[in-house]
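Undergrad: As given, the protein sequences belong to chains A and B, one line each in that order. Take the first sequence: its position 41, counting from 1, is numbered 41 in my numbering, and each next residue is one higher. Take the second sequence: its position 523, counting from 1, is numbered 523 in my numbering, and each next residue is one higher.
Hints were generated in silico from the structure; no laboratory data involved. Among these hints, one or two may not hold up.
[Unchecked claim] Here are a few chain B residues that face chain A, going by a calculated C-beta distance under 8 Å: (1) A116; (2) F117; (3) V136; (4) F140; (5) A218; (6) T228; (7) L231; (8) H235; (9) S239.
[Stated by the list, open to error] Not everything, but these chain A residues come out facing chain B in the computed CB check (under 8 Å): (10) A13; (11) N19; (12) L28; (13) V37.
Keep in mind it's a predicted model, so treat the numbers as computed, not measured. Ideal Cβ placement from N, Cα and C applies to all residues, glycine included.
So the chains spell out like this:
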Amino acid sequence: MAAELRPEPAVDAPLRAANRRTALAVALIAVLFFVGVIAAQFVGDTAVGMSVVAAAVLLFLALAIGRNLRK
Amino acid sequence: MSAIPHDHAVGHAADHHDDHGHHPTGIMRWITTTNHKDIGTLYLLFSLTMFFVGGCMALTIRAELFQPGLQIVHPEFFNSLTTLHGLIMIFGAIMPAAVGFANWQVPLMIGAPDMAFARMNNWSFWLLPPAALMLVGSFFVPGGAAAGGWTLYPPLSVQAGMGMDLTIFAVHIMGASSIMGSINIITTILNMRAPGMTMMKMPLFVWTWLITAYLLIAVMPVLAGSVTMLLTDRHFGTSFFNAAGGGDPVLFQHVFWFFGHPEVYIMILPSFGIVSQIIPTFARKPLFGYASMVYAVASIAILSFIVWAHHMFTVGMPAAGLLFFMYATMLIAVPTGVKVFNWLATMWKGSMTFETPMLFAIGFLFLFTMGGFTGLVLALTPIDIQLQDTYYVVAHFHYVLVAGSLFAFFGGAYYWLPKWTGTMYNEKLGQWHFWCSMIFFNITFFPMHFLGVAGMPRRIPDYAQQFADWNMVATVGAFGFGLSQLIFVVALIKCIRGDGVKAPAKPWEGADTLEWTVPSPAPYHTFETPPVVQ
């Protein structure tokens with residue numbers, strides 16, 4: 001087996017930092033939904049909980065896609 | 001899209017990165033790989049394997065339903081088969097196949113050297129085999145596999161045996177894999193596009209995957225949260241969904257379908273992207289209405305969040321709720337219609353040829369539209385209440401998901417196999433595969449419309465005598481459809497072994513995206529110097 005490591009893709013430091021920021025933001029949104037859907041059951045009825053989550057999703061999509069379309 | 005690579009960049013990729021001496025070989029190559037092409041291959045082979053595992057379950061189901069009465073399996077095992085067939089096909093076959101296409105194609109199409117987080121990409125894949133083993137292995141634990149349907153509704157899922165715990169853990173793991181994959185895809189597309197490739201110059205496949213990844217980020221944690229609550233209800237004394245403790249089983253249905261309906265689009269949007277690459281190539285015309293296609297995909301994704309309760313019209317909700325979800329569901333037909341219109345307009349007066357990828361794309365268009373129409377029928381609350389949990393619903397979602405996702409994936413596989421393997425697939429085998437699949441698919445699922453309208457309920461191992469004839473036809477069709485897929489395996493093996501005509505860099509004259517600028521097979525490392533897109 002040839003154990004020699006492959007060369008890393010040519011990714012520069014600013015790009016790595018930008019990648020980390022993007023990934024962190026997206027991961028936080030995932031965590032928010034995971035925690036939120038459980039937490040919502042303690043603070044309101046079904047309609048309130050689902051409305052909160054649905055509104056968050058719509059807002060997120062509008063912001064994420066809209067922001068990039070403007071570039 | 002006029003994606004023209006910088007000549008130097010292409011030459012650079014071809015000159016310096018077509019040797020394979022810089023990476024581990026043998027099994028360690030596949031376990032430790034961080035290369036997007038290797039990981040894409042792993043995803044695709046895994047999904048094909050799970051497709052056959054889930055397919056064998058489907059054939060056992062159909063064998064049992066060949067005649068009325070109980071012949072082959074016990075009713076409990078039959079219920080486990082329907083449950084696991086759904087879970088395996090969705091989480092083990094369709095979704096990994098879509099991620100496999102994304103891994104192979106997204107970096108190549110945007111001119112990126114690899115995915116943004118290559119090691120996480122490896123981890124995303126290698127979470128899947130243990131999860132699949134847990135799912136399939138649940139057949140062998142006391143009490144057998146989960147048997148309450150892929151939707152895992154309480155109270156059955158709260159009361160079921162150890163197989164349900166394995167299913168919940170498997171869903172958790174596959175969800176984590178999907179979320180990591182989505183983070184990778186979003187980051188790659190947003191940050192690693194080649195210079196000059198603006199968002200509105202991206203190939204439509206990349207657009208559909210970007211939007212799919214956002215959907216996954218939004219809904220997979222919701223599924224994970226709901227099955228976590230299910231788990232705590234089962235083992236830690238909570239009562240989220242346990243009516244005996246004051247919980248609400250219907251709440252689970254709301255939360256589940258808030259995930260479940262976008263999940264349908266998670267499975268279908270990448271297929272839209274693949275078809276949007278194939279049709280312009282073989283019509284030899286640019287995609288009609290590119291911008292409207294992008295907006296239509298985004299609209300479908302957004303609308304998918306506000307229609308979940310159309311799966312639950314019969315559980316009881318206010319009339320205003322019924323009306324809202326009915327009209328919202330029907331509204332999805334508008335952006336979907338835009339897409340179908342644009343595909344047809346792309347073909348209109350095009351110099352069309354009908355190689356296998358194009359056949360599968362047209363098959364997709366025809367059958368998915370039929371599935372869409374039956375979806376519109378089911379969106380009507382009064383009709384849905386009559387047809388709820390009948391074979392009409394089974395026919396509808398198989399037309400959408402088998403003829404939709406699967407046909408598009410086969411089309412995509414034939415389209416890109418020359419790029420992946422360096423060998424042209426056998427056209428005759430491809431044509432046989434398409435026509436056999438098309439004919440047997442319709443023999444299997446079209447009669448289910450009749451069965452559903454006549455009142456045959458789904459998820460039962462036995463049925464009344466009057467349903468016998470069409471069930472017999474459906475079973476014959478199912479076995480024909482299953483056997484037809486072996487043709488694809490033969491065609492695939494021939495390609496992998498290099499048994500065929502060597503593929504040029506651009507085997508399709510109408511193709512214009514970046515992946516066709518690198519040699520076939522695609523070198524192990526591509527676009528380390530980004531191409532310039534004009």
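Undergrad: Does each hint hold? Answer for all of them.
TA: Hint check:
no., hint, result
1, A116, "holds, 4 Å"
2, F117, "holds, 7 Å"
3, V136, "violated, 26 Å"
4, F140, "violated, 30 Å"
5, A218, "holds, 5 Å"
6, T228, "holds, 7 Å"
7, L231, "violated, 11 Å"
8, H235, "violated, 15 Å"
9, S239, "violated, 10 Å"
10, A13, "violated, 13 Å"
11, N19, "holds, 4 Å"
12, L28, "violated, 10 Å"
13, V37, "holds, 4 Å"
Of the numbered hints given earlier, the model fails hints 3, 4, 7, 8, 9, 10 and 12; all others are met.
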